[in-house]
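J.: These are the residues of each chain, in order.
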Amino acid sequence: MSDLPATAAKSHLAACHMCLKLAPADVHQCPRCGSAMHLRKHDSLQRTLALLITACLLYIPANLYPIMYTDSLGSAEASTIMGGVVLLINLGSAPVALVIFIFSVMVPSAKLMAMFYLVWSVQRQSPIDRRKRSTLYRITEFVGKWSMVDIFVVTILVALVQLGGLLTIQPGIAALLFAGVVTITMIAAENFDSRLIWDNMEEENSAN
Amino acid sequence: MPTEHATVSKSRKISGIWFIPLLALVLGAYVVIHNWMTQGPSIEIAFKTADGLEEGKTKIKYRNVEMGLVNEVRLNDQLNGVIAKVKMEPQSAPLLLKDTGFWVVTARVGLGNITGLDTLLTGAYIELAPGSDKTEARTFVGLDRPPLTPADAPGLRLKMTSNHASSVSAGDTVLYKGYKVGRVETMTFDPKDKLVHYQIFIDDPYHELVNSNVRFWDISGVSVSTGASGFKVQTGSIETILFGGVTFGVPLGVKEGDPVAKNSTFKLYKSYKAVLENPFRFGTYYVVSFTHTVKGLSPGAPVEFRGIKVGNVVRILFKEGQAEQIDAGHEGEGAPIPVLVYVEPGRMELSDTKASLTIVEETIRLGVGNGLRASMERGNLLTGAQYINIDYYPAAEEADLGTFMQYTTIPTIETGLAQLEEKVTSILDTINALPLADTVATLNQNLVSLQSILDNQSTQELPAHLDQTVQELRAVIGSLSPNSDAAQTLDSSLLSLNRTLANLESLTGTLSRQPSAVIFPSSPEVDPIPEVTAQ
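These protein sequence lines map, in sequence, to chains C and Z. Heads up: the first sequence begins at -14 in the numbering used here, then just goes up one per residue. Heads up: the second sequence begins at 25 in the numbering used here, then just goes up one per residue.
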C-alpha cells in the first residue's frame, strides 16, 4: 500500500465542501467560491452522534403515537405506523404493508444503527473493512431519504381524503416526529465525514 | 509552521450541537412526565360478553363526552365473562363511584321505542351513569341493559320483592290511580331467597305519594273473576294489559304512613284483593300446639283476640316440626300438632311499624304470665271450620312462652266447644262400653220363652176361662142389686148394726169415764157445781 499516492491531507491540501476545489489547508476560505474550508468536516463525529441521539429520541414517540386519524362516520380511529402495517396485512394488502414496513420501520432503524456503527468504528479508529464501511455509508446516505415515503403517503391522504362527515383523514403528531427522525438522520449522515474512515489508514501506512 | 498545525488539530471541546439531543430529551421527558402526571384512572368493567367491545376502539362516554377508551378485552379468570380494561380520562375520576353504572350502548329495539341507531355506524360505546355513593371504585360490573332512568333524575328509587309469578318485568310502568308515575327498572331472581327482586323508580313530584303504608300490587294483564254477581273483568291501562304494570296505594282502612327512605323494600302483592286480605307489612310468627284434632283448621283461618281478628293461620307445621318433636320426647305418645300463626299489629289499631311489633311481642310475653292462652274454637258449625282464639284465662295452669323450631310458642288451653266435645265423646264412650249386645241377647231369649208360653194350649184357653169367670161374676153382681132379697136383708142388717154401734158408743163413753162401771154400778150423775169441784 505504500505505493499509494500521497493524499490531499498529507500534502496539506483541503477540498472545499461546496465546490470541491483543492486549496492549501491553512487557507480558511475557498479561494474560488468563498465558503469556509476545513481539512475535515468540523466536529464531524460529535455532530453526527448528537443528531443520531436526537433522532433516536424522536423515533420512540414517532412509533408510539398515532401517525394518522381516520374519522369515518363519526368514529375516529387512530393508527400508528406499526398499527397501519398490521391493519394493511389484515386487509390483505401485504405488498403495500411490506413497502411501508421497509421504508418506515426497517430503513430508519437500520440507518440509525449503521450510522452509530460508523461513528463508533471511526472513533476507535478501527482498521477493519474500511471499504465495506464506506459502501455502507454510501448506501445509508442514498436510502435515507426514501423513508419520507411514509410522510408523503400521510400528507397526500390528508390532502385528498377530506370527504366531510363521511371520511376524513388527519395527520397525527407522529407524522411530525417521524419527519423529524428522517430529516435529522439525513443531516447526521451529511455531517459524517466519510474520509475519517480512511484517515488513520494513512497514518498506519505512513507509520509503515 | 506550528501555528498552522495548532489550527488544524482536532478540537476536544464539546460541540454546541449537543444542545439538540438535550432539547429533544427534555421535551420528551416533559411529555412523559406530563402524561404520567395527568394520567386518568384505569378501571376494569366486567361484562357477560364482549359484544360490541373492541380493544382500542370502544369509547366510554358520559353525556356524549368521551371519558375513556377500552384498551383491553379479555376473559375473566373463571372464563365465564369478559373484563374490559379501560383507560379513563383524568377528568372522569370523580364519576367513578361504587354504584356508577356502565352499559354497552348498541342499537336496541324495545316495545315502545328504538334507541342507539347512531351506533350502527359508529360502533358500540360504553355509557357511564355516575352513582351517588361516596366511595370510589376501580372495578365495576357492567349492566346488561341501560338503566331506564338517568342516574341523577329526581325521584325515588325503591325495591320490591315478590314471591309469586307475575308478568311484571323491567321496563313496565308504575301507575298511581291509573297515571304513570314511574317504571320498573330491573328484575332479578335470587335463587337464595327464592324471591323476585325488582327495582322501581318513582318520578319526582310523585314520589311523595309513597309512604311507609302504601302497598304495591300487580295490575298486569286482565283479571277475570266469577262470583255470585256474575263475571267481573278488571284491567289497567292498555299498556299494562300488553306489557304489565304495577300500581300502589294505601289500602282501605290503613292510615297514611311516614315518608320512606330510598331503596326501601316493599312487597309486591298479586292483586288488590291480596292487598285487602293482607294489608299490613309487619307481623310476627308464633306457634300454637294442640293435642286435639286440628281438623277444620286451614291456612288463612283467622286468629282472633276476643273476637277481633289479629292474624292468620299460616300452616300446620307437622312435617317440618317432626324432628323437633321427636327430640322433645313426644315420640310415641301422639305429639301435639304445631300450628304456625301470623300476628299483625296493624290489625290491632297499632301503627304498622316495627316498633308496634315489639309492643305486641312484649304484650304477649307479659300476657302469658297472666293467663293469656290460645285455644281452638269452631267458627262455623256447619262447615266445621276452626279458628284460633287468644284470650285471658286467669284460672289456667301456669305456663310460659316456649320455642318451636325458630318460632315462639304461645301456650294453649282447651275451652268451649272443644271441651264440650270431649265430654260428649266421653259420654258416648261410656255408652259404647255398655254390654248392649248381651242384654239384647238375653232379651231375645226371654222373648222366645214368652213366645213358647203364649203358644201353649192352656194359655190359649185362658181367655175363654176368663170370659166365663166374668160372666159368673156378673151374675153374682146382678144378684146383689138394690131390689134383690140379698140387698134388702143387707140393708136391714146394716140398720141393726148401726143401732148396736150407737149403744156401744154410749157404753164406751161410760167406760172411759168410769172404767169400774163394768163391775160397780155407777152413781146417778150429778150436775157439776163449780164451787164443789173447787174444793
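The hints are simulated quantities; they were obtained by calculation from the structure and are not laboratory data. There may be inaccurate statements among the hints.
What the hints assert, rightly or not - Pairs of lysine-lysine residues, derived as DSS-like cross-links and limited to a Cα-Cα distance of at most 27 Å, are as follows:
1. C/K26 with Z/K37
2. Z/K37 with C/K(-5)
3. Z/K343 with Z/K378
4. Z/K447 with Z/K319
5. Z/K319 with Z/K333
6. Z/K111 with Z/K122
What the hints assert, rightly or not - A few chain Z residues that don't get close to chain C, going by computed Cβ distances all over 10 Å:
7. G52
8. S156
9. D227
10. K256
11. K297
12. L474
13. L490
Beta carbons: idealized from backbone N, C-alpha and C, even for Gly.
J.: All the hints need checking, so say for each whether the structure fits it.
T.: Do the hints match the structure? See the list:
no., hint, verdict
1, C/K26 with Z/K37, "holds (15 Å)"
2, Z/K37 with C/K(-5), "holds (25 Å)"
3, Z/K343 with Z/K378, "violated (30 Å)"
4, Z/K447 with Z/K319, "holds (18 Å)"
5, Z/K319 with Z/K333, "holds (20 Å)"
6, Z/K111 with Z/K122, "holds (17 Å)"
7, G52, "violated (5 Å)"
8, S156, "holds (31 Å)"
9, D227, "holds (32 Å)"
10, K256, "holds (56 Å)"
11, K297, "holds (54 Å)"
12, L474, "holds (120 Å)"
13, L490, "holds (135 Å)"
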